[in-house]
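Participant: In case you want the letters, here they are:
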Amino acid sequence: MKIIVENEKCIAAGQCVLSAPDVFDQNEEDGIVILLAENPSDDLTDNVEEAAALCPGRAIRLEK
Amino acid sequence: MSGAGHPIGEVVADIPNFPMPRAAGCPFDPAPRLQQLQAEAPITKVRLWDGSTPWLVTRYDDQRALFADPRISADSSNPHFPALSPGLKESQQQGQAFIRMDDPEHARQRRMVTARFTVRRVRELRPAIQRIVDGLIDDMIAGPKPTDLVDTFALAVPSLVICELLGVPYADRAFFQRNAKQFSQQDTTGQRAVEAQRLLVNYMVQLIDEKCANPGNDVMSDVAVRVRNGELSSDDAALMGMLLLVGGHETTANMIALGTVALLEHPDQLAILRETDDATVIAGAVEELLRYLTILHNGLARVALADIEIGDCVIRAGDGVIMPIESANRDAVAFPEPNRLNVLRPARHHMAFVFGPHQCLGQNLARVELQVVYGTLYKRIPTLKLATESGQLSFKHDSLAYGVHELPVTW
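Sequences listed follow chains V and L, in order. Quick note: the first sequence uses this note's numbering, first residue 356, plus one each step. Quick note: the second sequence uses this note's numbering, first residue 1418, plus one each step.
Think of the hints as simulated: they come from the structure by calculation, not from any bench. Take the hints with a grain of salt, since some may be wrong.
[As the list claims (entries may be wrong)] Quick look at which bits of chain V chain L covers, simulated, 3 or more residues with Cβ under 8 Å:
id, region
1, 356-369
2, 381-394
3, 402-411
[Stated by the list, open to error] When the alpha-carbon atoms are kept at most 35 Å apart in a straight line, the in silico DSBU-like pairs for lysine-lysine are as follows:
id, chain 1, residue 1, chain 2, residue 2
4, L, LYS1802, L, LYS1506
5, V, LYS364, V, LYS419
6, L, LYS1598, L, LYS1562
7, V, LYS364, L, LYS1796
8, L, LYS1796, L, LYS1562
9, L, LYS1802, V, LYS364
[Claimed, not checked] Over 12 Å on every C-beta distance to chain L, these chain V residues come out as not near it, computed from the model:
id, residue
10, VAL372
11, ASP397
12, ASP398
13, LEU399
14, GLU418
15, LYS419
In this text, a Cβ means the ideal position worked out from N, Cα and C, and glycines have one as well.
Only chain V is shown next, with the shape it has when bound in the complex (with noise of 0.2 Å):
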């Protein structure tokens, strides 16, 4: 799975944090969002749809 994020949709909810927090963070000065991790293990996979899913900007999106 390779993810894809697009910055200027962001609105820095944390929602993805909160799914998978070793996948996805915020930055310092504004809160949004940075990808730790584009090609994430297969055992993050549910986390990491969870955070695609409930993204409030539909700024994450997922390649298989």
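Given the coordinates of chain V, assemble chain L onto it according to the supplied hints.
Facilitator: Quick look at chain L alone, frame taken from chain V:
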């Protein structure tokens, strides 16, 4: 509402009025008519107090799609923007904070304050929030009983926290709590809502001036820097401050008090919270209570900027749209047995913080506050109970944020 003079064509006879009343004796459930429309006419016209007829969208999937749709605007200066009450109509014609703006200006202003509301920054506040909650419970136990939980605890927790975060003196709480309540009251006349807003905005203008002179480590000092640098007008800054202050205490206070009522009425659910030390269980219970109670009730307003096809309908450019998130949160498609409070169900996909670019800025702060409160209060006072008949409680039907006016408790 019967009679002549309906503004639009053939379906007029059946246009229901909005907002819709909850059923007597079911204070936690949305209006029965909302759930009926969700099943039978999920996107339909309703009539507001001023005779206007926006669309009412009641299903979870439709609301999510529309809240995230860039053709849907939150800009209340749009002449077609629906006004849900006379008070809101008047206050919408005054200046508005970024919650009532569209991108890119909305995003520009919002990003000025998001740094202090990230998951990490809010988690760092947890020990301080725990101390506040412990201290208030100590005072409550030492004080007289029965006591009003709204006053002694539910309002105090988020007010103390937001004051600390924004840099607002807690000594001013009587002033801002009173005016926030006035501003939120939908049956308030337009004039009183505008007056409350004026007082709060003036207060913020003064506070920002003080922060310019004596900056601290707080959100309003950050905002003051933006004003001094010419990135934000003084009016926008004051409206932003008011939004954060009102949004930061009213909503969470209602969640604490109404959540306690709901749990006392569902002792099996309360027992789960009281007996667990598992942070994941407590966090899950917070999400379920946010869903079940959906205190931001009676509909969020939007206006379409272009024609939008959705379901069997076309929402035309310039049409108003009303989305009651309390009905989305009771949609069986998203939540099986939606009318059952079940603190163990997965509920994080609820709409209580709305969806799309305007999703609640303070959501993670609210989460931590509620986790600490629900994880502490019922353990510290395991015999907590209502000091009145539950039928005697007075609910905030006409307020922007639903809840109870007072909550007499004893133990």
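Participant: Hint by hint, note whether the structure agrees.
Facilitator: How the hints compare with the structure:
1. 356-369: holds (count 4)
2. 381-394: Held - the region 381-394 of chain V has 6 residues with a Cβ nearer than 8 Å to chain L, which meets the minimum of three.
3. 402-411: Satisfied; 4 residues make the cut.
4. LYS1802/L / LYS1506/L: violated (40 Å)
5. LYS364/V / LYS419/V: With Cα atoms ~21 Å apart, LYS364/V and LYS419/V stay inside 35 Å; holds.
6. LYS1598/L / LYS1562/L: holds (25 Å)
7. LYS364/V / LYS1796/L: violated (41 Å)
8. LYS1796/L / LYS1562/L: Holds - the C-alpha atoms of LYS1562/L and LYS1796/L are around 18 Å apart, at most 35 Å.
9. LYS1802/L / LYS364/V: Status violated; Cα separation ~46 Å.
10. VAL372: violated (4 Å)
11. ASP397: It holds; ASP397/V is separated from chain L by about 21 Å at its closest Cβ, greater than 12 Å.
12. ASP398: ASP398/V clear of chain L: closest Cβ-Cβ about 18 Å, beyond 12 Å.
13. LEU399: Since the minimum Cβ distance to chain L is about 17 Å, LEU399/V lies beyond 12 Å and the statement holds.
14. GLU418: holds (20 Å)
15. LYS419: holds (21 Å)
Violated hints, listed in ascending order, are 4, 7, 9 and 10; each of the other numbered hints is respected by the structure.
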